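Residue-level listing of the chains:
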Amino acid sequence: DQQVKQNSPSLSVQEGRISILNCDYTNSMFDYFLWYKKYPAEGPTFLISISSIKDKNEDGRFTVFLNKSAKHLSLHIVPSQPGDSAVYFCAASATNFGNEKLTFGTGTRLTIIP
Amino acid sequence: KAGVTQTPRYLIKTRGQQVTLSCSPISGHRSVSWYQQTPGQGLQFLFEYFSETQRNKGNFPGRFSGRQFSNSRSEMNVSTLELGDSALYLCASSDSITYEQYFGPGTRLTVT
Chain A
1 DQQVKQNSPS
11 LSVQEGRISI
21 LNCDYTNSMF
31 DYFLWYKKYP
41 AEGPTFLISI
51 SSIKDKNEDG
61 RFTVFLNKSA
71 KHLSLHIVPS
81 QPGDSAVYFC
91 AASATNFGNE
101 KLTFGTGTRL
111 TIIP
Chain B
115 KAGVTQTPRY
125 LIKTRGQQVT
135 LSCSPISGHR
145 SVSWYQQTPG
155 QGLQFLFEYF
165 SETQRNKGNF
175 PGRFSGRQFS
185 NSRSEMNVST
195 LELGDSALYL
205 CASSDSITYE
215 QYFGPGTRLT
225 VT
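Going line by line, the protein sequences match chains A and B. Using our numbering, the letters of the first sequence correspond one by one to residues 1 to 114. Using our numbering, the letters of the second sequence correspond one by one to residues 115 to 226.
Each hint can be trusted.
Okay, the calculated beta carbon distance ranges per label pair: (1) Thr121(B) to Pro79(A): 34 to 40 Å; (2) Ala41(A) to Thr128(B): 18 to 24 Å; (3) Arg61(A) to Gln158(B): 27 to 33 Å; (4) Gln14(A) to Pro153(B): 26 to 32 Å; (5) Arg17(A) to Ile126(B): 41 to 47 Å; (6) Gly198(B) to Thr111(A): 28 to 34 Å; (7) Lys54(A) to Gln158(B): 24 to 30 Å; (8) Glu166(B) to Glu42(A): 25 to 31 Å.
The hints are simulated quantities; they were obtained by calculation from the structure and are not laboratory data. Note that the structure is predicted; figures quoted are calculated from it, not measured. No residue lacks a Cβ here, since even glycine has one placed at the ideal position from N, Cα and C.
Full structure from sequences and hints, please.
Here is the structure:
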């Protein structure tokens, strides 16, 4: 049972435009969400996170939006740069239970076209 | 601060052997989690240790085990290796306050 889903395996965006990556979850116990960027043969790099008590969090070019009623979150990257080309994973955890286990989506490969 | 380090970076083993992987967390982080990444299954949670105690465990067979030392360093052991254990094994550490986990570069294990 895939509790965190990223339905778009790949996405191509022109340099300078906005990249929007989407993620859906099914487990209502999840209360903390994170986005990671990953290059091949390297560990994921933490980008940004959001608690379920918020609906938006910004950090520079990265903004994460959370819609709890729809169980949906999205990552916006503005403006997109060539160095943003990577695989992006969303992850979720149920911290209420002292639980640091991260459940990951299957990833979206983002390609920024110069 | 130094990041999460993992050793070795690459490992080749034969079916039936056992292997031990090591992880040193970011200084001050007391929680260490292990994940397995394969092309077919994605990133899967193995287990989490906090203050030398296993706090959470994923759905992996008992051949996968781990431990954490008093300095928060952690080791993961896989016994009786199978071909399907070939994967990138990732370690992540957290301060357990922000719930943000920071990953190491991983150990690429190949079982032949």
